[in-house]
Amino acid sequence: MKTEKLINAINDIDDRYVEEAHSKTKKKFDISAYLNWNSFGKLAAAACALLLVINLFPVLFHSYGKGAAGGASYDSSYMAQESVAYNGAYASEPAEAYYVADEEAKAEETIADTGNARQGKKLILTSYMTMETQDMDVLLEKVNGLINKYGGYVQRSSIRNQNVNSRTYDSSIRIPADKYEAFLSELKGEGNALFYSEEVKDITDAYADIEARLNSLRAQEAKVLEFYDKAEDLQDLITVESRLSDIRYQIESYESQIKNYDLLVSYSTLNLTVNETKVYTPVSPTFLQRLASSFSRGFRNFYEGIGDFIIDLVYNIWTILFLAVLGFAGYRLYKRFRNRKK
Amino acid sequence: MEDDKIVNLYLERNENAIAETKNKYENYCFSISYSILHDQQDCEETLNDTYLAAWNAIPPHHPENLATFIGKICRRLSLNKWRSNSALKRGGDQVTLSFDELEGCIGEDRSFREALQEKILTDSINEFLAGLKENERKVFVCRYWYFDSIEDIAKRFSYSSSKTKMMLKRTRDRLKDYLIKEGVLQ
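These protein sequences, in sequence, are chains A and B. The first sequence stops at residue 342 when you use my numbering, and every number in between is there. The second sequence stops at residue 528 when you use my numbering, and every number in between is there.
Since the hints were derived computationally from the structure, they do not count as laboratory data. Small disclaimer: the values here were computed from a predicted structure and weren't measured. Glycine included, each C-beta is placed from N, C-alpha and C at the ideal position. Careful: at least some of the hints might be erroneous.
Which chain B residues face chain A? A few, computed with CB under 7 Å, are given here [unchecked claim]:
hint, residue
1, Tyr376
2, Lys414
3, Glu460
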């Protein structure tokens, strides 16, 4: 019998295989005995891994932009871009932009120069400032107090809740131009100023041009009124009234522009952004400070990322289960197909 | 007693060698024999024949691994006993089932008798076993050397019975392919 020869041949197989098979099998915790790990478990693990990558990617990306390079360098580069952009947009006086914490003295000097330049000129001042605070409510209260103190008003404001202790306040504040510098110096003392840029638009020529046109139109109006008094027939009266109407319309338009310019010149605009944070970004940071800042911010991002991941996991649980069941069914079908093929 | 000392007793023709072998490997040999014969009396006879065969084989043989040497003798004698018994009756025991399963590996090729030499076949099987994963090899040897039942193997390796059967079927298929590829089978 052929099979008996095979059995006999197997009898003489290498001793080590006989011994190996006889030796006790190491009892390992084999999860596959309890779960069909080869199919469902692997699929679930793959789904979790995919979800983890999807969730951690923005976290990592966020931390790269926000923490890893250090707050100072990030803000500095941002400031440079802003300055270039505004210079290109307005062909007026060069925008004055400076990094508050690094160049405090230089900043004061720049403001003083700007103040001198304003005398006898029509200048519109628009500035941008980013601050950090550990208590948003307290800072906003102080800012509102300063606005009332200097006779200003809030043109636009919004507050965004991203996370607990991570709110962002964004506003546009109008302050009388002559009190702006005092307001600014007080405001800087209330929080951790990270970024400041200022742009000044000189409208002196445009303002003078409008004033000249307005004077000319008013002179024309006076002459037309003289003709109006001297008009004898109805046709002359209608012609004079039509002309007078045109002149008055232009006068009102220019007066409106003048008023608008006066308002812009007399009130400076500060676009203020306040970020709430637990840890202030160090100004002029040393290497160790940057290292500590990166570590703490990185940990915070990681911590928040894990929280977001768990929330996303729960949110997507039905999708994951559906995909797992689908994958499991597909795998079983594939196995059946493969076995039939064999 | 250590294997080396027992082998030395055989070489010195000291009859204590048989007593020491029985003392150390009786259970092992009995489990092999019982898997094939399923009869206590037959097993005891086979075990006595095994000790005698070992006494006659050493010397000239000088086994490096006494356990497998004795085990192989016991297995061969048990199979011989089983053959003589199966001449009278052929039942559905593990040996019959194992033979039936392995029959697929050999096929009905007539040239087998000419091509196959037992030594070549053994070498080929050894090479084949060397290429298997450890657990696949263990399962194969448990089934076709020790004649363990599917249930016992499944329990030992924490597999399901169906997985064990499927693993054995795949291994047999691969063995058949391997033997054909190696030219042992045409």
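Now the hints, each set against the structure:
| no. | hint | verdict |
| --- | --- | --- |
| 1 | Tyr376 | 15 Å, violated |
| 2 | Lys414 | 6 Å, holds |
| 3 | Glu460 | 5 Å, holds |
Violation of the numbered hints given earlier is confined to hint 1; every other hint is satisfied by the structure.
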